[in-house]
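S.K.: What follows is the residue order along each chain.
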Amino acid sequence: MKKLILGLMMILLGLQGCNSNKNVNNSSTAKGISDLSIYNLPSKWTNQDGKTLEMKEMKGKVLVMVMIYTSCKSACPRLVADMRNIESRLPENIKKNVKLVLVSIDPTVDTPERLKAFSIENKMDADQWVFLRSTEENTREFAAVLAVNYKKISPMDFSHSNIISVFNAEGELAYQQEGLGVNSDETIKKITEEAEKLN
Amino acid sequence: MLQLKIIISTFLVMIVTSLLAQESQMVAIKRGAYVPLYGTKDKKPVEVDAFSMDVYPVTNAQFLAFIKKRPEFSRSKMKGIFAEKSYLSHWESEFNYGKNNLSNAPITNVSWFVAKKYCECQGKRLPTMDEWEYVAMADEKRADARSKEEFNNYILSWYEKPKTFVNPVGKTFKNYWGVYDMHGLVWEWTSDFNSIFLSGESRKDKDTDKNLFCGSGSVNASDLMNYAAFMRYGFRASLKARFTTRNLGFRCAKDLK
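Heads up: the sequence lines are chains A and B, in that order. Be aware that the first sequence starts at 1, since it is given in the UniProt record's numbering, and climbs by one per residue. Be aware that the second sequence starts at 1, since it is given in the UniProt record's numbering, and climbs by one per residue.
In short, the hints are calculated from the structure, not lab data. Just to be clear, a hint being listed does not mean it is correct.
[To be verified] List of simulated lysine-lysine pairs, DSBU-like, C-alpha gap at most 30 Å: (1) B:Lys-161 to B:Lys-171; (2) A:Lys-152 to B:Lys-44; (3) B:Lys-79 to A:Lys-197; (4) B:Lys-44 to A:Lys-73; (5) B:Lys-79 to A:Lys-44; (6) B:Lys-68 to A:Lys-44.
Take these sequences, add in the hints, and give me the full structure.
M.R.: Written out as structure tokens, the structure is:
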């Protein structure tokens, strides 16, 4: 008899597909995170060292983010160059407050090992550089937050928006630079402005 | 023994109600290939795997049940990064869609993030754009009616009709697959709405663009069908994930196992 009740209970629980265990978690960890912050995203990411992390672990730094894929031959090398150029022009006294984050839109190809190799090849292997990958779904969601559009157009190729986004220490979008090889003065000014607040 | 019967029947009732509360009807869509009308490279057919799709768009009543279960998605708790201020703005209050909205009218004014969460909560997901377009090319009788002039006229005349979003679901035609309201009621979110390039960022898509605007002078059925598809892709391309608009709802899909 007890077993029967227990069994039925289990079935019933199983049917309640949408449990809110998660949101208890969310709301407690979301404390101190502003409404417009990317740190509201619960998705998990892996960096170039194979370490799992959530975006909010980077809270307190100014983030400069771009979405790329490492096998890309056309736009990404220029986007990557733009990122390197931005990094090299940052004033020394704020560099410690800034992380430059490259998020892969091709998680199947861009394994942590591959991201690591890419970072070394492109001389982006110092501490301020972060390479991230996650599931296709989390990537799609993150792109949605950045208003980055992308599409797989062949097994090896993607179309994607060329947007570099600046987030302040709270994870709120502060500035977006659109296009390839554009003048980055405004972007650098914004990063500096936000990063100086942390000094 | 009587006690046992009572327990069993109580649980059965609970199971049934909980099923009714969450499970909206779905139908199986057979796998196939189709050539998307817009936003594709060299007009190659796209494979669509078998999946199941909600028969109707999600309604006000279903959405309310969801919010009651997950109050973090209610109007006041909603975070700005996931939905703009107009989120559910046509509802009377936080947990009440009010008298001006039919319980079985499609839910609108919902962002992509919330639509996605809703489907996940049902153990489902949003349909991809290809899945959606694949199902949407069917009329009552055939799986692909895109070359039919009446079909295109029907779609285009809906695009001109105001405020169809107040209508109940299930009042437009039932298509070949058994799905209602793909055209004639509301626009719908797709999981990969942010994969469209109309701005010329992707050269491949731009060619289609040129074809569309620099086509021949006379308007035939294929121009109409291109135009209808262009409207949908154009609309999707204009969206951001936190946008909410009065004529944009959603339905869920699921992999077939």
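S.K.: Against this structure, judge whether each hint is valid.
M.R.: To see whether the hints hold, each was checked on the structure:
About 15 Å separates the Cα atoms of Lys-161 (chain B) and Lys-171 (chain B), which keeps this hinted pair within 30 Å; it holds. For the suggested pair Lys-152 (chain A) and Lys-44 (chain B), the alpha carbons sit about 14 Å apart, so the restraint of at most 30 Å is met. Between the alpha carbons of Lys-79 (chain B) and Lys-197 (chain A) the distance comes to roughly 25 Å, so the proposed pair stays at or under 30 Å and holds. For the hint pairing Lys-44 (chain B) with Lys-73 (chain A), the CA-to-CA distance comes to about 23 Å; that is within 30 Å, so the pair holds.
A threshold of 30 Å between alpha carbons decides the hint, and for Lys-79 (chain B) with Lys-44 (chain A) the separation of about 20 Å falls inside it, so the pair holds. A distance of roughly 27 Å separates the Cα atoms of Lys-68 (chain B) and Lys-44 (chain A); the hinted pair therefore holds under the 30 Å criterion.
The structure agrees with every numbered hint stated previously.
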